[in-house]
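Visitor: Below, each chain spelled out in residue letters.
2 protein chains.
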Amino acid sequence: MTSFAPPPSSPLLIVISGPSGVGKDTVIQRMKERNLPIHFVVTATTRPPRPDERHGVDYFFVSREAFARMIEEDELLEYAIVYGDYKGIPKQQVREALASGKDVIMRIDVQGAATVRKLAPEAVLIFLTTETEEELVRRLERRKTESPEDLKLRIATARQELKRMHEFDYVVVNREFALEETVDTIIAIIDAEHHRTVPRKVVL
Amino acid sequence: MTSFAPPPSSPLLIVISGPSGVGKDTVIQRMKERNLPIHFVVTATTRPPRPDERHGVDYFFVSREAFARMIEEDELLEYAIVYGDYKGIPKQQVREALASGKDVIMRIDVQGAATVRKLAPEAVLIFLTTETEEELVRRLERRKTESPEDLKLRIATARQELKRMHEFDYVVVNREFALEETVDTIIAIIDAEHHRTVPRKVVL
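Listed in order, the protein sequences are those of chains A and B. Per my numbering: the first sequence ends with 230, consecutive numbering throughout. Per my numbering: the second sequence ends with 230, consecutive numbering throughout.
Worth flagging that the hints you see were computed from the coordinates, not collected in a lab. Please note that the accuracy of each hint is not assured.
Identical copies look the same in the list; a pair holds intra-copy or inter-copy alike.
Using 30 angstroms as the maximum straight-line C-alpha spacing, the simulated DSSO-like pairs for lysine-lysine come out as follows [stated by the list, open to error]:
1) K50 x K144
2) K227 x K50
3) K170 x K50
4) K170 x K128
5) K50 x K117
6) K227 x K58
7) K227 x K170
8) K144 x K227
Okay, chain A solo, but in the shape it has when bound (with noise of 0.2 angstroms):
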């Protein structure tokens, strides 16, 4: 048999990104439920659990002294300090998960996502955002988890995010009520990355 179909494309490094309050972590959470062959990246972080996560499965919740014995290691592949907690990506997992054939996600902050624009330039960006800056506000608000003072940062913050999204591949309206619509469109972007001819290879 002559083969007339191009290799197997490889593993992808998929970066969803975009302003805190966006809602990354639900449609990661989304994605998830959808059974995926997808490893998604558990990251390290000092700040606590809100309701309902769960250490190695949503978050690694460390101590600020592990995280600093991390970043000491060389262990993290990127890392950041947000909103005053740290956050990182371990290395080494996301290593394994390519080299077992898997794409895998991340879910990094608009600062972290140009990093790794550096370190992994076949990565693809997706950068998450809402319809207007009102209904980013409003899901700080139902958050109930910042004060004031935080949500009003987080806000300034998200306005000069905006201003980086042509840094990213793609762009993601994440529509109020439009959950499985934004999930689909992610999915989307990821097929059609793997038909592409000349495919993102990722060394790390």
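Dock chain B against chain A, hints included.
Guide: For chain B alone, kept in the frame of chain A given last:
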């Protein structure tokens, strides 16, 4: 309201190409049946209609004299002699569809796709292929419209065309008994392309 969403994306110019017999017409026929807001270009051709093909719907079947006049009057975006028959894309039809805000899909041979790339670098080029050469042979034989010499010529041409796959943006394997999957993938590509942060704005 302060918008946090990107401006609406531009209509896309999508080219579906690939070797003769790969299933371009079948894929496009199935896409039409899904009632998507897409304009499917009606190509002008001097070849005689196959059974079930309708003038003005599947193709504009025109005489060689009429075709020559269209070339002369610069009414074609692209044209080529494909296995002895002329095929061409009416320019005005594409312009009008894009101006109305609709994505435009056109089916062109591999050579012609390269021409479109030069005329419209922002076009989305999709290369359709079969899984194996043997599969392409079977499909051409099933068509029963080609002589044995024609068949040999088409296979030899397909081998050459495959080497040009990398000039396209995407490659989709049109697997046997998986027409819906092929169509789903093309729709995913279109969906993804509409979410690029840097839109593909086509000027013709």
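Visitor: The structure should be examined with respect to each hint, and the outcome stated for every one.
Guide: Here is what the structure says about each hint:
{"no.": "1", "hint": "K50 x K144", "result": "within (22 angstroms within a copy, 39 angstroms between copies)"}
{"no.": "2", "hint": "K227 x K50", "result": "both (25 angstroms within a copy, 29 angstroms between copies)"}
{"no.": "3", "hint": "K170 x K50", "result": "within (17 angstroms within a copy, 54 angstroms between copies)"}
{"no.": "4", "hint": "K170 x K128", "result": "neither (36 angstroms within a copy, 43 angstroms between copies)"}
{"no.": "5", "hint": "K50 x K117", "result": "within (21 angstroms within a copy, 43 angstroms between copies)"}
{"no.": "6", "hint": "K227 x K58", "result": "within (24 angstroms within a copy, 34 angstroms between copies)"}
{"no.": "7", "hint": "K227 x K170", "result": "neither (41 angstroms within a copy, 42 angstroms between copies)"}
{"no.": "8", "hint": "K144 x K227", "result": "both (14 angstroms within a copy, 27 angstroms between copies)"}
Going through the hint list in order, the structure does not satisfy hints 4, 7.
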